[in-house]
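Novice: Protein chains in written order, with this note's numbering: chain A, 166 to 756; chain B, 1459 to 1657; chain C, 41 to 314.
Wrong hints could be hidden among the right ones.
[Stated by the list, open to error] Here are the simulated lysine to any residue pairs, SDA-like style, with alpha carbons at most 25 angstroms apart:
1) K243(C) to P284(C)
2) K43(C) to R733(A)
3) K1468(B) to T381(A)
4) K626(A) to Y83(C)
5) K1464(B) to P669(A)
6) K626(A) to K243(C)
7) K486(A) to T1473(B)
8) K1570(B) to A419(A)
9) K486(A) to P106(C)
10) K1464(B) to K626(A)
11) K626(A) to T84(C)
12) K1570(B) to K1464(B)
[Claimed, not checked] Computed from the model, here is a short list of chain A residues facing chain C with C-beta under 10 angstroms:
13) P338
14) V435
15) S439
16) L571
17) Y656
Hints in this document: simulated from the structure, not taken from any laboratory. Beta carbons: idealized from backbone N, C-alpha and C, even for Gly.
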Amino acid sequence: MSKNAVNGHGPAAAHDSHGSHGHDLPFWQKYIFSQDHKIIGMQYGLTALLFLLFGFGLVMLMRWQFAYPGQPVPFIGGLFSDDTMPGGVMLPEFFYQLGAMHGTIMVFLGIVPLAVGAFGNYVVPLQIGAPDMAFPKLNMMSYWLYFIGGCVMLASFFIPGGTAQSGWTSYPPLSVIAGQGQTFWLIGMAFLINSSLLGSVNFIVTIIQLRADGMTFNRLPFFVWAQFVTAFLLLLAFPPLMGAAVLQLMDRLAHTSFFMPSGLVVNDQVVAGSGGGNPVLWQHLFWFLAHPEVYVLILPAMGIVGEIIACNTRKTLYGYKALVDSVIFIGFMSFIVWAHHMFLTGMGTKMSAFFQVTTMIISIPSVIILTALVLSLWGGSIRFNTPMLFAVAFLPMFGIGGLTGLPLGLNASDIHLHDTNYVIGHFHYVVAPGTIFALFAGIYHWFPKMTGRKMSEVLGKIHFTFSLIFMNGVFMPMFIQGMAGVLRRMYDPTQYAHAVPTQPLSVFSSVSAWCLGLAQIPFIFNFFYSIFFGKKVEENPWHATTLEWTAPTPPPHGNFAVAPQVYRGPYEYSTPNHKNDFWPQSMRETN
Amino acid sequence: MESLIKHISKPHPVTGVTNAKLGTWCFLASEIMLFGALFSSYVLLRVGAGTAWPRGSDILNVPLATLNTLVLITSSVTMVMACASLALKNLGKYRLYMGATILLAFVFLVVKSFEYGHKFEHHHFPSTSTFYAIYFTLTGLHGLHVIGGIVVNTYLLFPGSALWKKDPDQFMGRVEAAGLYWHFVDLVWIFLFPVLYLL
Amino acid sequence: MQKYGWGLPIDISANGWQIDQLIIIIHVFMAILFVGWFCFFAYTLIRFRQRSGHKASHHVGHFKLPAYLEVGVALFEVVLLLGFSFPIWSQQKVVKPDEKDAVRVRVVAQQFAWNVHYPGVDGKFGKTDPALMSSSNPLGLDRTDPSALDDISITNQLHVPTGRNVIVYLSSKDVIHSFTIPVMRVKQDAIPGHAGELWFQAKDAGDFEIACAQLCGLGHYRMRGFFISESPEKFEAWLKAQAPKPPAVPKVAAQAAPAAPATPAPVPSGAAHV
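Let the sequences and hints guide you as you build the complete structure.
Specialist: Set out below in structure tokens:
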């Protein structure tokens, strides 16, 4: 039915628009205040990668204190001011600032903007055959709000008293009585929340309204499904944090008592204020966001891994429908598991029973997704290029992260493991060797589409091998420490006798973290080198089937010369009696 | 370029809505979560306070708030009339009703600022009690939404209406989206009024 | 006696073995699942690697085993919930031992210390008032209250007798702390404005640690208390020695920390200013 409609637009129309808008725009409009989803995607990507590096730098600094508490930091210790590291020895103030900002930056300024802002923006419109996002101007605003939010967060390092130091969770009353850095944190978060609000509205409308003719929901690539559900999580889970941030700002600036109970005594001084508030209220509002946020971190990663596995096994995904259903189910369930972060706040028995049951239930679709992705390998012809290596490594790493969630999700075993390094190990396995590996896979996979050049395979494999080794080196010891009862967020863990025996593991973790830092050098070099000198490739170097590979490389403003028509599902690989082992979604011929 | 993006002025054949309308609904869903979270906070704080929680009608100005409720409801009606006038291709009447909507929004804010001023005179600040804290926060946030509505509506009344000549469908879509938002702002107040002033 | 090492800390509580058992069962299950899964995964990667003469099959295949495995995992989770987590939680956090026979003690957390309050011989906790709180009276005890006269106020030391239930009434003066005694397998947040409770029973004597598990400020890492479980006779003797001599005067010695059972690392220079 729609074939004629497509022809109505015609190649000429698309080409004209490309000609008149793609090249004639002045530099600042084309690359700075761009409304092209691909440029915005790359802006997001570069900014987020810088923040990831910065956030990683913060923790590499912290790891010195974990490993050698109270000793001066070698080489760079002298570069810091006396407010932070007098004589190169890190002060607790600075340590807790690094901790709070490492969490905030990695989650809100690094991974989510890279997974959703960059890959979502760049790939989703291409994969559904759309010329752009539904609201290009909003898309641009979304990026710039993110940018401003990031700048506010960075600026807070330089104010007197330093940045936020109450952890990325900012639990009141501690965060309310903290210094001005916390105000910056809250304002920065407000920008980031509004940025993600605009972004999520844009994704939902784009995916619902702008799919190419023939691109039914059953033919959507798995990545688009993952982004679609993610957008709903961002849309609906972030506003309560916005509300919470407003309340905490009121507590800090207007001296209200939303989170401040009556009769607080800090440093033997009775705290002024009306009292009558409830500190646990913040935890509910915060985790109502922050648990879906975990799935915001992981779902796009699963989407990327699905795309890359299908392409590099030359085989369709196993159980596409089960995958999609599981992702949707996870989306719903993620809104009713939040209080498993709060088992030890003294919540009622029924409530804690409810939340551990929902937590066990949400583990089932995750198991299904992991199983389906592994079974997708069966019967394939697996091509081990760099993106595939990262995608395949994602599976066991996410598996470890998921399994170790089990003893934390059961409230009885959580009594011992809560707030120990076990928790740190658990969620880092999910987001660091999990999500970040998937994001690396995505970079290697889509880099040829963005630049027209491939990244070096040799450097990529070096990057992969050492990243895999050292990621495990950083996080595996944390499980052992957590078992031994070593608590998280310790400026000097050796203060506790129970933490002393496992202190060598802290040293091991730290050395691994620094080596992991070194292992990123080949990637950084590869990334910039390949932009200019990488091997030139044609528009579909991986012989993939999804629509982004049928667009010109790099795709012009407006994406497709002819609006594509979709004839089949997303992963039509190795079809018997077909001339190639891949059959693009928009290719007409029927044999 | 923009012309390549479909469903800007004409609805999608399957979903039956334009991009702008779907986007507005999504935005409103997010707003519901925001106010929902704040209302839940209100409930939790109030339950926690027990009998110490004052009755809104004892300390707040109910007649003024009732007046404000009527003002906002009327402005919702004029907003509907503005949309209807566009459907009848009557730009003049549209301007009249849109102007009335903006004016009523200003009346609401003026009345509200009298209420605030009165409270401040009696040294009732957000820090006075948790009741005043939530009262000022919720009404303040609602007030910001009203100001946002005024900005959008003023844009659509003056510079934005140039689009009427170029693409009447798209312009109508924008006015409808602004209308949806405005009704939402109205609806929030209709929840706020009994929760804060009466219960 | 090896107290702490690379595994779970020593457990000297009457009920902690249940938590340990659950943790061990889960980890054995995790290990079996992961190793089995990983073998399949590795085998698949090797068998279906790209090589000449090997082509991917278009046929998706249908696997029954994974579906059974998933049901198996789900059933195992049900067993964990009903067989272990619910009953253990109930014992640890719901079914409170009889207050009459138990040692009752208040613990009031503050930045960065644990204030311990014993009711004394009359078994009644004296009134406290935030306005009276000071460094010499960290609990804010109102010594004019008759039931406060024999109350014992001590900082960073929790003495308990072996073989008796101990009920801790937990609260906080300022921010959220989390009270944990690793060897007792107990942990509970101390939230200002909320009354928390926890209970345990020590079966062996020894010197151990109380730790703060929730980030509570710059001194969070050194909010260490001493947990001393001792024979009932020794405990009673200790209590008697601590009791304030009438007329009640605030204890001065209470602030002094006892000899540390383990030697902590030297406090870094920066910490002293916190």
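Novice: Please go over all the hints and tell whether each is borne out by the structure.
Specialist: Verification of the hints:
1. K243(C) to P284(C): violated, 29 angstroms
2. K43(C) to R733(A): Roughly 64 angstroms separates the two Cα atoms, so the pair is violated.
3. K1468(B) to T381(A): Holds - the C-alpha atoms of T381(A) and K1468(B) are around 20 angstroms apart, at most 25 angstroms.
4. K626(A) to Y83(C): holds, 21 angstroms
5. K1464(B) to P669(A): Cα-Cα ~61 angstroms, so violated.
6. K626(A) to K243(C): Distance ~55 angstroms between K626(A) and K243(C) Cα, so the pair is violated.
7. K486(A) to T1473(B): holds, 22 angstroms
8. K1570(B) to A419(A): It holds: about 19 angstroms lies between the C-alpha atoms, which stays within 25 angstroms.
9. K486(A) to P106(C): holds, 16 angstroms
10. K1464(B) to K626(A): Not OK: K1464(B) and K626(A) at ~42 angstroms, beyond 25 angstroms, violated.
11. K626(A) to T84(C): Distance of about 20 angstroms is within 25 angstroms: holds.
12. K1570(B) to K1464(B): Not satisfied, since the Cα-Cα distance of roughly 42 angstroms exceeds 25 angstroms.
13. P338: holds, 5 angstroms
14. V435: Holds. Min distance 5 angstroms.
15. S439: Because about 13 angstroms separates S439(A) from the closest Cβ in chain C, which is outside the 10 angstroms limit, the hint is violated.
16. L571: holds, 6 angstroms
17. Y656: holds, 4 angstroms
Hints 1, 2, 5, 6, 10, 12 and 15, counting from the list given before, are not met by this structure.
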